[in-house]
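Chains as they are written, first to last, in our numbering: chain D, 1 to 339; chain U, 340 to 523; chain F, 524 to 693; chain L, 694 to 803.
If you are wondering where the hints come from, they were derived from the structure by calculation, not from laboratory data. As the structure is a prediction and not an experimental result, all values here were calculated from the model. Even for Gly, the Cβ is constructed at its ideal location relative to N, Cα and C. Take the hints with a grain of salt, since some may be wrong.
A partial selection of chain F residues facing chain D, derived with a Cβ cut-off under 8 Å [what the hints assert, rightly or not]: (1) Ile-533; (2) Gly-536; (3) Phe-548; (4) Val-552; (5) Glu-575; (6) Phe-576; (7) Ile-583; (8) Leu-594; (9) Phe-598; (10) Pro-601; (11) Pro-622; (12) Ala-624; (13) Val-633; (14) Val-635.
Straight-line Cα separation of at most 30 Å, DSS-like style, residue types lysine-lysine; simulated pairs [said to hold, decoys possible]: (15) Lys-756/L x Lys-613/F; (16) Lys-350/U x Lys-288/D; (17) Lys-140/D x Lys-606/F; (18) Lys-288/D x Lys-277/D; (19) Lys-609/F x Lys-786/L; (20) Lys-652/F x Lys-756/L.
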Amino acid sequence: MALSEGLFWAIFVTLLKIAVVLGIVLLHAAYTVYAERKIIGRMQARLGPMEVGPYGLLQPIADLVKLLFKEDIIPQEAHKVIFQMAPLLVLVFAITNLSVIPFHPSFSIADVNLGVLVILAFAGLGTYGIILAGYSSGSKYSLLGGLRSAAQILSYEIPLGLSLAGVILYAESFRLQDIVASQANSLFGMNVIPQILGFIVFLICAFAETNRAPFDLPEAESELVAGYITEYSGFRMGIFFLGEYISMYVMALLISLCYFGGWTLPIWLTTLLPFIKVIPPTLILILKVYFFIFLFIWVRATFPRYRFDQLMSISWKVLIPLALLNFLWIAFLKWRMLT
Amino acid sequence: MRKDLKYLIFKDLIGGLLITLKTFFRKPVTVQYPREKVTLFPSFRGRHALVRDPETGEARCVACLKCVQVCPSRCIEVKFEVDQETGARKMLAYNLEALRCIYCGYCEEVCPVGAIVLTEWFEYSSRDRSGLIFNKERLLKNWDEFVERFPEKVYTNKFWNLKGVPEVLKPAPKREGIMVKVRE
Amino acid sequence: MIERAIALLILTGLFFIFTLLAFFFRHLVYQFLCILVLMVLQGVLYLYLNAEFLGAIQVIVYAGAVLIMFLFTLFLFPEEELKHLKIDLKNLKYSSFLPVALFIFLLLSVLVKGIPESYQPRNIYFDLKEISNLLFNEYWLAIFLLAFILSFPMVALYVFFKREEKSGSS
Amino acid sequence: MEVLKVLASEYPFYVISGLLIFLGIGIFILKKNLLVAILALEVVFNGINLLFVTASHYLGDPKGKMIVLLTLAVAAGSFAIGLILVVNYYRLKRSLSMEELKLLGEKDEE
Numbered sequence: 001m002a003l004s005e006g007l008f009w010a011i012f013v014t015l016l017k018i019a020v021v022l023g024i025v026l027l028h029a030a031y032t033v034y035a036e037r038k039i040i041g042r043m044q045a046r047l048g049p050m051e052v053g054p055y056g057l058l059q060p061i062a063d064l065v066k067l068l069f070k071e072d073i074i075p076q077e078a079h080k081v082i083f084q085m086a087p088l089l090v091l092v093f094a095i096t097n098l099s100v101i102p103f104h105p106s107f108s109i110a111d112v113n114l115g116v117l118v119i120l121a122f123a124g125l126g127t128y129g130i131i132l133a134g135y136s137s138g139s140k141y142s143l144l145g146g147l148r149s150a151a152q153i154l155s156y157e158i159p160l161g162l163s164l165a166g167v168i169l170y171a172e173s174f175r176l177q178d179i180v181a182s183q184a185n186s187l188f189g190m191n192v193i194p195q196i197l198g199f200i201v202f203l204i205c206a207f208a209e210t211n212r213a214p215f216d217l218p219e220a221e222s223e224l225v226a227g228y229i230t231e232y233s234g235f236r237m238g239i240f241f242l243g244e245y246i247s248m249y250v251m252a253l254l255i256s257l258c259y260f261g262g263w264t265l266p267i268w269l270t271t272l273l274p275f276i277k278v279i280p281p282t283l284i285l286i287l288k289v290y291f292f293i294f295l296f297i298w299v300r301a302t303f304p305r306y307r308f309d310q311l312m313s314i315s316w317k318v319l320i321p322l323a324l325l326n327f328l329w330i331a332f333l334k335w336r337m338l339t
Numbered sequence: 340m341r342k343d344l345k346y347l348i349f350k351d352l353i354g355g356l357l358i359t360l361k362t363f364f365r366k367p368v369t370v371q372y373p374r375e376k377v378t379l380f381p382s383f384r385g386r387h388a389l390v391r392d393p394e395t396g397e398a399r400c401v402a403c404l405k406c407v408q409v410c411p412s413r414c415i416e417v418k419f420e421v422d423q424e425t426g427a428r429k430m431l432a433y434n435l436e437a438l439r440c441i442y443c444g445y446c447e448e449v450c451p452v453g454a455i456v457l458t459e460w461f462e463y464s465s466r467d468r469s470g471l472i473f474n475k476e477r478l479l480k481n482w483d484e485f486v487e488r489f490p491e492k493v494y495t496n497k498f499w500n501l502k503g504v505p506e507v508l509k510p511a512p513k514r515e516g517i518m519v520k521v522r523e
Numbered sequence: 524m525i526e527r528a529i530a531l532l533i534l535t536g537l538f539f540i541f542t543l544l545a546f547f548f549r550h551l552v553y554q555f556l557c558i559l560v561l562m563v564l565q566g567v568l569y570l571y572l573n574a575e576f577l578g579a580i581q582v583i584v585y586a587g588a589v590l591i592m593f594l595f596t597l598f599l600f601p602e603e604e605l606k607h608l609k610i611d612l613k614n615l616k617y618s619s620f621l622p623v624a625l626f627i628f629l630l631l632s633v634l635v636k637g638i639p640e641s642y643q644p645r646n647i648y649f650d651l652k653e654i655s656n657l658l659f660n661e662y663w664l665a666i667f668l669l670a671f672i673l674s675f676p677m678v679a680l681y682v683f684f685k686r687e688e689k690s691g692s693s
Numbered sequence: 694m695e696v697l698k699v700l701a702s703e704y705p706f707y708v709i710s711g712l713l714i715f716l717g718i719g720i721f722i723l724k725k726n727l728l729v730a731i732l733a734l735e736v737v738f739n740g741i742n743l744l745f746v747t748a749s750h751y752l753g754d755p756k757g758k759m760i761v762l763l764t765l766a767v768a769a770g771s772f773a774i775g776l777i778l779v780v781n782y783y784r785l786k787r788s789l790s791m792e793e794l795k796l797l798g799e800k801d802e803e
């Protein structure tokens, strides 16, 4: 019955990997809040946070301390168990997504055959946190936020899945490593060139899935006070924000892995500029991810919020037909390539 | 049809994104207040003061009550007595409620002797209402605090003046702007 | 073998706990949450049956879409309708315990008797390509029928909301 | 050791599928609420799905898993239609009780 030494080492290495990934991602999430405030400030010709530390660099730490020491209020009308559980659901399902994402050709916590499907599944489950938070608060604004989130996720999972279907068909595999490898071997080098339509659909759906502007209707502060987080305070609210930023990172990673070739560079670029091969693969991936995080913030600073009926009609009338069209085009391309 | 093409290439959305990107590389307009301060122009209307005459050491006010009449928010209250022999008025009390003031500057324009002015001093506050109801001594003290900033002997402000009136028709102390002599 | 047995033991225990909870909760939302946990656990169970794809589909379709739809519908009703759902024992006949008793007897008999020595758990990989071959060559009629049946909910939804709009405007 | 061997076989899956089916039927019979009824039907459906998958694993035949894949799609559609019916019923009757569900069509006005 004794655990063999190999198993022990396997568990130890896995725990170490989890610690490394979690530490790096949490640090990134904390400093994305700072970057977001700074970038949106500069885009509105303001300075952003400047007071704590040089150029306000210690602002995330100050925020964390403030959130930790605030009073945790639970409303009288709330369903207590669900109310306390909901933020954890959001955080847990956001973090679980990280376990199947490869950060390097040979580094991923769990090498799953169905990586893309697992991410889709956990993204769907993560909304339960938002919906239940809205329901259990016992306030009208929260409930409306939760309902909006439910309708939004239900309608945006479909084009998300359909646009990923094109990528999966092109790579003939659900594994993220295989998807990246197939892009590196292909003629175009990146999936975004043959499937520009699918990429646009996926990008719009990623904004909606992470509840970011311009689709942040569950927490529209001009209509519902703060949506589903109206009644939350202190550290529970902080957990909601952490979950949102981590899911932002997951989506950015997924975009850069599925559509931009992950850690590889297209062949036409390396033949044009041979010295670019020196860059280590993880750095390439990280640069792509940073660009998409910047895009998330950029879009938030630029566009106003959509109305709810507009949101629904975009999904059902525009994105789903476009995703199907993209799927047909990729099927045609694949058929031409095979025959 | 042309409109549809515009939608297809996201012309409006990309234009909006480019505007924000342009602003991103611009210099921010923020002034970090306690460390750096905005440059105040001479036309700024700030804390009220009664000009202290360097010769007598008293206010210049002649109690003509023009400021009381012209004030839109009725925040000035002046008490005076009339000398029975000469008929000259003497100002006894001058109360100004800064909380009600709308900083229109009519009082300093209309004053024939340039006694009440709105200085370029904006950093003032109080913890209670009574701290912002200025009486005569307080207004004079405001003037002293204000002129300490200007080491020059003569301070001229052409904005403490009537607009659109020919120079000839103005009372003597107000021609060419108010010349205020600071004590020697 | 032992790890598999332990994991399945834990899963079975969780299933029992959440089944009992789902049965005895009186608030519909809590009951729903227990059933949600059951559905997600069923997705985990599929992994032990070499059906990873089915497990993912179970979580995406059931937990991610169908049950969210149900939760959405729950919120349309007033809270009074969801609270205090009593168990109604009036219509329960004694004969209805018979199938439960039979079920428990069968379970216990297998547990006591054990399984034959010759039994060996098979390890078949759930190959997607094989499945898709089957789907589109042998079962194409079934898929067309399925698509035909699935178009009915769409039409039903459309007709329902069209009629809603008409009655609302008039 | 015998128990462990039983647990490692398909035995727990049969137990769980039976559990799900009986849970669904029990809730359906004992709680007279239309929303609960729809939820209970889904639970029964899942129990049967699990039975199919277990049997296909036992027999080494992928057809059982395929049937589950096909029926999952139908179940989602039927679930939506059931929910529409319940919502409409509640609008007409202002009640979710199954006991008042006696008429098949509209009542004749006498």
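Verification of the hints:
Restraint check, Ile-533/F versus chain D: the minimum CB separation of about 17 Å is more than 8 Å; hint violated. Annotation: Gly-536/F was flagged as interfacial toward chain D, and the flag is violated, the nearest CB pair being 20 Å apart, outside 8 Å. A cut of 8 Å between beta carbons decides the hint on Phe-548/F: the least distance to chain D is about 11 Å, and the hint is violated. For the restraint placing Val-552/F at the interface with chain D, the shortest Cβ-Cβ distance is roughly 7 Å, inside the 8 Å limit, so the hint holds.
Interface restraint check: Glu-575/F against chain D, minimum CB-CB distance 5 Å, threshold 8 Å, status holds. With a cut of 8 Å, the hint placing Phe-576/F at the interface with chain D holds, because the nearest CB-to-CB distance is about 6 Å. A least Cβ separation of about 5 Å between Ile-583/F and chain D falls short of the 8 Å threshold, and the interface hint therefore holds. Evaluation of the Leu-594/F hint against chain D yields a held restraint, the C-beta minimum of about 6 Å falling below 8 Å.
Using the Cβ-Cβ criterion of 8 Å, the hint placing Phe-598/F at the interface with chain D is satisfied: the shortest such distance is roughly 6 Å. Proximity of Pro-601/F to chain D is violated relative to the hint, the smallest CB-CB distance being about 12 Å (cut-off 8 Å). Against a cut-off of 8 Å between C-beta atoms, the interface hint on Pro-622/F is violated, since the closest Cβ of chain D lies about 34 Å away. Among the interface hints, the one on Ala-624/F is violated; its C-beta lies about 35 Å from the nearest C-beta in chain D, farther than the 8 Å criterion.
Interface hint at Val-633/F: violated, since its Cβ lies 25 Å from the closest Cβ of chain D, which is beyond the 8 Å cut-off. Of the supplied interface hints, the one on Val-635/F is violated, with its beta-carbon coming no nearer than about 25 Å to a beta-carbon of chain D, more than 8 Å. Of the pairs offered as hints, the one joining Lys-756/L and Lys-613/F is violated, with about 42 Å between alpha carbons and a cut-off of 30 Å exceeded. A C-alpha spacing of about 24 Å is found between Lys-350/U and Lys-288/D, which places the hinted pair at or below 30 Å, so the restraint holds.
For the suggested pair Lys-140/D and Lys-606/F, the alpha carbons sit about 18 Å apart, so the restraint of at most 30 Å is met. As the CA atoms of Lys-288/D and Lys-277/D are separated by approximately 16 Å, the hinted pair is consistent with the 30 Å bound. For the hint pairing Lys-609/F with Lys-786/L, the CA-to-CA distance comes to about 20 Å; that is within 30 Å, so the pair holds. Distance restraint check for Lys-652/F and Lys-756/L: the Cα-Cα separation of roughly 13 Å lies within the 30 Å cut-off, and the hinted pair is therefore satisfied.
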